[in-house]
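Engineer: Going line by line, the protein sequences match chains D and E.
Numbered by my numbering, the letters in the first sequence go through residues 1 to 513 in order.
Numbered by my numbering, the letters in the second sequence go through residues 1 to 513 in order.
The hints are simulated quantities; they were obtained by calculation from the structure and are not laboratory data.
None of the values given here were measured: they were computed from a predicted structure.
Certain hints may be false.
Which copy is meant is left open, because identical chains are indistinguishable; a pair holds if it fits in one copy or across any two.
What the hints assert, rightly or not - When the alpha-carbon atoms are kept at most 20 angstroms apart in a straight line, the in silico SDA-like pairs for lysine to any residue are as follows:
#1 Lys327 with Gly185
#2 Lys144 with Lys476
#3 Lys150 with Glu287
#4 Lys402 with Gln412
#5 Lys447 with Ser102
#6 Lys343 with Arg290
#7 Lys402 with His305
#8 Lys289 with Arg204
#9 Lys264 with Ile162
#10 Lys289 with Thr268
#11 Lys86 with Thr373
#12 Lys402 with Asp149
Number of protein chains: 2
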Amino acid sequence: MERYRRASQILLRYVSCETRSLSKRPCGSSIAGSQSRIQEQFIREYNTKLRNVLPHSMPRVCTRTVQVQDEDRLSAANTDWMRKYKGSSQLLLLPKTTEEVSKILFYCNSRRLAVVPQGGNTGLVGGSVPVFDEVLINMASMDKIISLDKVNGILTCEAGCILENLNNYLTSEGFIMPLDLGAKGSCQIGGNVSTNAGGLRFIRYGSLHGNILGLEVVLANGTVLDMLGTLRKDNTGYDLKHLFIGSEGSLGIVTKVSILTPAKLLSTNLAFLACNDYLSCQKLLFEAKRELGEVLSAFEFMDSHAIDLVLGHLEGLRNPLPTSSYKFYVLIETTGSDESYDKAKLEAFLLHSMECALVSDGVIAQDISQASTFWRIREGISEASVKLGAVYKYDLSLPVEKLYDIVEEMSQRLGDVAKVVGYGHLGDGNLHLNILTAEYSDDILAKIEPFVYEWTSMHRGSISAEHGLGLMKADKIHYSKSSETVQLMASIKKLLDPNCILNPYKVLPQSVL
Amino acid sequence: MERYRRASQILLRYVSCETRSLSKRPCGSSIAGSQSRIQEQFIREYNTKLRNVLPHSMPRVCTRTVQVQDEDRLSAANTDWMRKYKGSSQLLLLPKTTEEVSKILFYCNSRRLAVVPQGGNTGLVGGSVPVFDEVLINMASMDKIISLDKVNGILTCEAGCILENLNNYLTSEGFIMPLDLGAKGSCQIGGNVSTNAGGLRFIRYGSLHGNILGLEVVLANGTVLDMLGTLRKDNTGYDLKHLFIGSEGSLGIVTKVSILTPAKLLSTNLAFLACNDYLSCQKLLFEAKRELGEVLSAFEFMDSHAIDLVLGHLEGLRNPLPTSSYKFYVLIETTGSDESYDKAKLEAFLLHSMECALVSDGVIAQDISQASTFWRIREGISEASVKLGAVYKYDLSLPVEKLYDIVEEMSQRLGDVAKVVGYGHLGDGNLHLNILTAEYSDDILAKIEPFVYEWTSMHRGSISAEHGLGLMKADKIHYSKSSETVQLMASIKKLLDPNCILNPYKVLPQSVL
Numbered sequence: 001m002e003r004y005r006r007a008s009q010i011l012l013r014y015v016s017c018e019t020r021s022l023s024k025r026p027c028g029s030s031i032a033g034s035q036s037r038i039q040e041q042f043i044r045e046y047n048t049k050l051r052n053v054l055p056h057s058m059p060r061v062c063t064r065t066v067q068v069q070d071e072d073r074l075s076a077a078n079t080d081w082m083r084k085y086k087g088s089s090q091l092l093l094l095p096k097t098t099e100e101v102s103k104i105l106f107y108c109n110s111r112r113l114a115v116v117p118q119g120g121n122t123g124l125v126g127g128s129v130p131v132f133d134e135v136l137i138n139m140a141s142m143d144k145i146i147s148l149d150k151v152n153g154i155l156t157c158e159a160g161c162i163l164e165n166l167n168n169y170l171t172s173e174g175f176i177m178p179l180d181l182g183a184k185g186s187c188q189i190g191g192n193v194s195t196n197a198g199g200l201r202f203i204r205y206g207s208l209h210g211n212i213l214g215l216e217v218v219l220a221n222g223t224v225l226d227m228l229g230t231l232r233k234d235n236t237g238y239d240l241k242h243l244f245i246g247s248e249g250s251l252g253i254v255t256k257v258s259i260l261t262p263a264k265l266l267s268t269n270l271a272f273l274a275c276n277d278y279l280s281c282q283k284l285l286f287e288a289k290r291e292l293g294e295v296l297s298a299f300e301f302m303d304s305h306a307i308d309l310v311l312g313h314l315e316g317l318r319n320p321l322p323t324s325s326y327k328f329y330v331l332i333e334t335t336g337s338d339e340s341y342d343k344a345k346l347e348a349f350l351l352h353s354m355e356c357a358l359v360s361d362g363v364i365a366q367d368i369s370q371a372s373t374f375w376r377i378r379e380g381i382s383e384a385s386v387k388l389g390a391v392y393k394y395d396l397s398l399p400v401e402k403l404y405d406i407v408e409e410m411s412q413r414l415g416d417v418a419k420v421v422g423y424g425h426l427g428d429g430n431l432h433l434n435i436l437t438a439e440y441s442d443d444i445l446a447k448i449e450p451f452v453y454e455w456t457s458m459h460r461g462s463i464s465a466e467h468g469l470g471l472m473k474a475d476k477i478h479y480s481k482s483s484e485t486v487q488l489m490a491s492i493k494k495l496l497d498p499n500c501i502l503n504p505y506k507v508l509p510q511s512v513l
Numbered sequence: 001m002e003r004y005r006r007a008s009q010i011l012l013r014y015v016s017c018e019t020r021s022l023s024k025r026p027c028g029s030s031i032a033g034s035q036s037r038i039q040e041q042f043i044r045e046y047n048t049k050l051r052n053v054l055p056h057s058m059p060r061v062c063t064r065t066v067q068v069q070d071e072d073r074l075s076a077a078n079t080d081w082m083r084k085y086k087g088s089s090q091l092l093l094l095p096k097t098t099e100e101v102s103k104i105l106f107y108c109n110s111r112r113l114a115v116v117p118q119g120g121n122t123g124l125v126g127g128s129v130p131v132f133d134e135v136l137i138n139m140a141s142m143d144k145i146i147s148l149d150k151v152n153g154i155l156t157c158e159a160g161c162i163l164e165n166l167n168n169y170l171t172s173e174g175f176i177m178p179l180d181l182g183a184k185g186s187c188q189i190g191g192n193v194s195t196n197a198g199g200l201r202f203i204r205y206g207s208l209h210g211n212i213l214g215l216e217v218v219l220a221n222g223t224v225l226d227m228l229g230t231l232r233k234d235n236t237g238y239d240l241k242h243l244f245i246g247s248e249g250s251l252g253i254v255t256k257v258s259i260l261t262p263a264k265l266l267s268t269n270l271a272f273l274a275c276n277d278y279l280s281c282q283k284l285l286f287e288a289k290r291e292l293g294e295v296l297s298a299f300e301f302m303d304s305h306a307i308d309l310v311l312g313h314l315e316g317l318r319n320p321l322p323t324s325s326y327k328f329y330v331l332i333e334t335t336g337s338d339e340s341y342d343k344a345k346l347e348a349f350l351l352h353s354m355e356c357a358l359v360s361d362g363v364i365a366q367d368i369s370q371a372s373t374f375w376r377i378r379e380g381i382s383e384a385s386v387k388l389g390a391v392y393k394y395d396l397s398l399p400v401e402k403l404y405d406i407v408e409e410m411s412q413r414l415g416d417v418a419k420v421v422g423y424g425h426l427g428d429g430n431l432h433l434n435i436l437t438a439e440y441s442d443d444i445l446a447k448i449e450p451f452v453y454e455w456t457s458m459h460r461g462s463i464s465a466e467h468g469l470g471l472m473k474a475d476k477i478h479y480s481k482s483s484e485t486v487q488l489m490a491s492i493k494k495l496l497d498p499n500c501i502l503n504p505y506k507v508l509p510q511s512v513l
C-alpha cells in the first residue's frame, strides 16, 4: 500500500477527465476539504511570508503572484493545448525571481503540497497541467534576457522567455536559436529544456543536451542549484544539468538557462518536393546527407493526408506543386554562408534527384514569403489536426526504414473510423502519427493502444521521440526503457523529491515510486 | 570520523607517490596484511566462481582475466601516462563480456573491494590508475564492433575499442568519429565516454553529450543498465546515460556505446597561420565562425613556446613558415563536400585576413602528407612537453578574451625556473597550460597552485575543460562548482555506489562522501 500512502500525502482532491487509472485512488471529499482549507491557509501564509521576505521595492509581487481571482486565466492554465487534459487547480502562481520560486517550493515541500511547473503549456502529453488541484507555478513572469556573449554566441536568460522572442532578439544580433518548433510563439525556453524539445533544426544543431551550457534549477525543497555556466567545455564532476533536461519538471524547476546559439548564416534555401513512395523519401535523405552535407538544416516529410488536412482547414494556403497526386512531400532546407553557391548546390541536388527519379516534382522558394508559406504548410499540420474533432497524437522514434510502416498498418487496422496521418522529422527518425476521428472513444483507443506501443517497442523505437511522457505515457515507459533503468529513475526521483511534490503522476509510473 | 571509517572499509594498503593528502589516513601494515589476505582469497574465489559461472566454451577466460603473473603489464597498468601517479594494485582483470564485468563488480561490492575501471590509461589527472591497491578492471578485451547502421551513421561497439581503430573502420564505410584527440592510438571509446573527451572536432560536432545515443553500463552492485538505444531522439524518462558521460568511472563501468557518427565529407583543407598578437587570434576566430561557417571543423592555437618545444624535441618536424618570429600560430581546418569550392573559400578567407592584418603569414597544406605534418605539430605538443623533465599540466576553460592572460601572468610569476606554454582549442575556449621544469618540486607547485585555480574561478572558468578531475583535482572541484551542486553529486554517488568501491578518491572530495 506504499503507493496509496504516498498519494494521499499529496492530498488529492477529485478526479479530472482523462485520468481514469488514477480515479480509483481513495480520495474522498474529506481530503478535498482538507486541501481546500490548506489552500486558503497557504494563500494567507504565502502572502504574509512573501511580504516579509521580498524587497519593499516589489510591492505588487504578492498580488500579482496569486491569481486565484482571475477565473478565465486559471481555467486556461488548467487546460492543455489539445483540451484533452483538464485539472482543477485553484492556485496559479507567477513568480518573478528565482528566490520566489525557491520560497514557494520550500513552503510547498514542507507542507507536502503538490505543484505543477508550467511554461507555455503547449505540451501534447498532459505534462503541464494539474491532474487534480496541484498548485500551478507558471514561469511567464521570469522573461528577462540576462546576457549575450557576442563573441561566442552564448545566451543567458530566464526560463519564461518565449522561444520566438529569443530567436527574434538573437537574429538582430547575428545568431539564431538552435531549436525551432511550431509552438515557438507561446512555448518558453524553460519548458523547452524541461521537455528536451527537438523540432525543426535538430538535424543540423542536435539535441539540447549538446546545446545547453548551463542551468539554474530550484529543487523540490527550495535549494537553488547554480549550474549556470557559460562554458562550452567543463568536466568538473558529474554534469547534473542533464538530469533536468527532459525530466518534465519532475526533478526541479528550471529558472535560468544558458545556451549556445549558432551564428546566423546569411543564405537559407528551401525546397518543397514530391516523392511517389516512401522508399524514395529514404533514399533522398541518404543522398541529401552526403551531397548537401554541411548546409543541410532540415529534412521534413509529410504524407498526402497531412497536406490535405492543412490545405483543407487552414486559411490562405495552397499546394505549391501544380498537381497534387503524390503520396509524399518533403521539405529540404539548407543554411549556409554563400547565397549563390548554396542555391546552386540545392538546385544541382534536385536536378540529380529528379534524374534518378527519387523526386517526382519540386519547387525552390524564390523569396522569404514563399519560404514562409512552405513552412506554414509543415508547421500547420498540428493546428489543422485538432480542427476535425478528436485527435490521438503519437510521437515515435523509429529506424527510418520502418518509420512509415506503422502509419500503413494503423490505417488498415482502423479502417473508415479514422484518418491516419503521418509526418515528421525524417532526418531524425521521428514520426508524428496523428489519428483523427470525430470524437474520443474507448473503442477506438482500444484499437490504437497498446498496439502502437507494442509495435514501436518491437522495432526498438521510442514511444516518445520529443514530446515526453507526461501523464499520457507515464505508465508506458517500459515499452522503451528497461526495468533496471526505470528503477534507477525512480531512485533519483526519490532522492531529489522525496515527498513527490513536483509534477506528480507524470513521467514515471506510480508503481515504482 | 565518517570519512575515515568509510576509507578503512575500502581497505587501504599503503601510500603511493602524489597522494600526499591521503597519506595521513590511519592505514597501517595490519590493514595491508588484511588486504593482501583478502586479495589472495579474492583471486582464489574469483577463479573458482568464474569457472563455475562462465560457459565451458570459454575455458581460458579465467587465466586470461587474472593477470597477476605478468609484473610488467601490472606495473604499466599501475602507472599513469605522465608517470606522475603510481598505484600498487596486485590484480589486473580483463573481462571479455558485460556479464563478466557484472560478476566482478557484484563480487567486489559484496566484499567492499575497491576497483579502478581503466581504458587506454591516457588520462592526465591520475583518474585511471589505482591510488593504493584497488583491483584494476581494464576494458581492452571488450573491443568488438557490434553494428553500424549505414543509413543513419550509428555505430554500436564495446567499450574497449580504440578510438583510432573505430575511426579507421568508419572511414572505410563513409563516416568518421565525431571526436579526435592526440591519444587516439591508445585511448578507448569507453574511456572517452567516461571522461567526456573533447578534442579536435569539438568545435564542429560538439560534445559527447550530444553524440552518444546509448550506453550499456554496469553499476557498482553488478546491475547491468541497458540504455543502449540507437535513436537520435528518445524522451522517455530521465536520460540517465548523461550521468555516466564524464563521471570518470565513479558511478559505473561503461561496457557498450552507441554513437552518432557524421558522414565523412570528401574535402578537407588545412591552413597553418601566424598571428602577431593574441587579439588577432581572437578576431580571426570570430571571422572564421562567420565566413567559414558551416565548413569550419577545427580552430587550434599554439604560442611560440609550444612550437619551439615540438620542433626541438620531436623528430622530423620543421616550422611550415619560413620565418619563425611570430608569437602565435593557428591551425584552421575546414571540412565540406566540394573540394574546389571549399579550398577557394579558405583561400579567400586567408587573403581577406591578411589584408586586414589579422594574419601575418600562412600556408595551406597542398596534400595529405603536408596536412599530417601540420597536425603532427599540434598533436605532438603533449608528447614533447614530457621530454624536458617535469610538466605541470592544466586544462582550463576560460572566456576567450581572457584565455591567454593566465599564461602571461603565470610566466611572470614563475620567472626563470619554468617555461610556461599555452595552446589548445581556442574555438571552444579551452586552454592547455603546461608548465615545464627540470623536476617536480613543492616550491614550484606552491607558486602555481592554488593561484591557477583561484584565477580561473575568479574569471568564471572551469578548472578542467576536458581532462576531468581524477585524483589530481578532486579536492579542487569547489573552484568550479557550487557547494549545493557538489552536495548533490555526492548524494548521487552514494545512491549508485553506496560502498564507494568505484574509482575511490577520484572526482569528488572525500569530505563530501
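Engineer: Against the structure, test the hints numbered earlier, and report the numbers of the ones violated in rising order.
Structural biologist: 1, 2, 5 and 11
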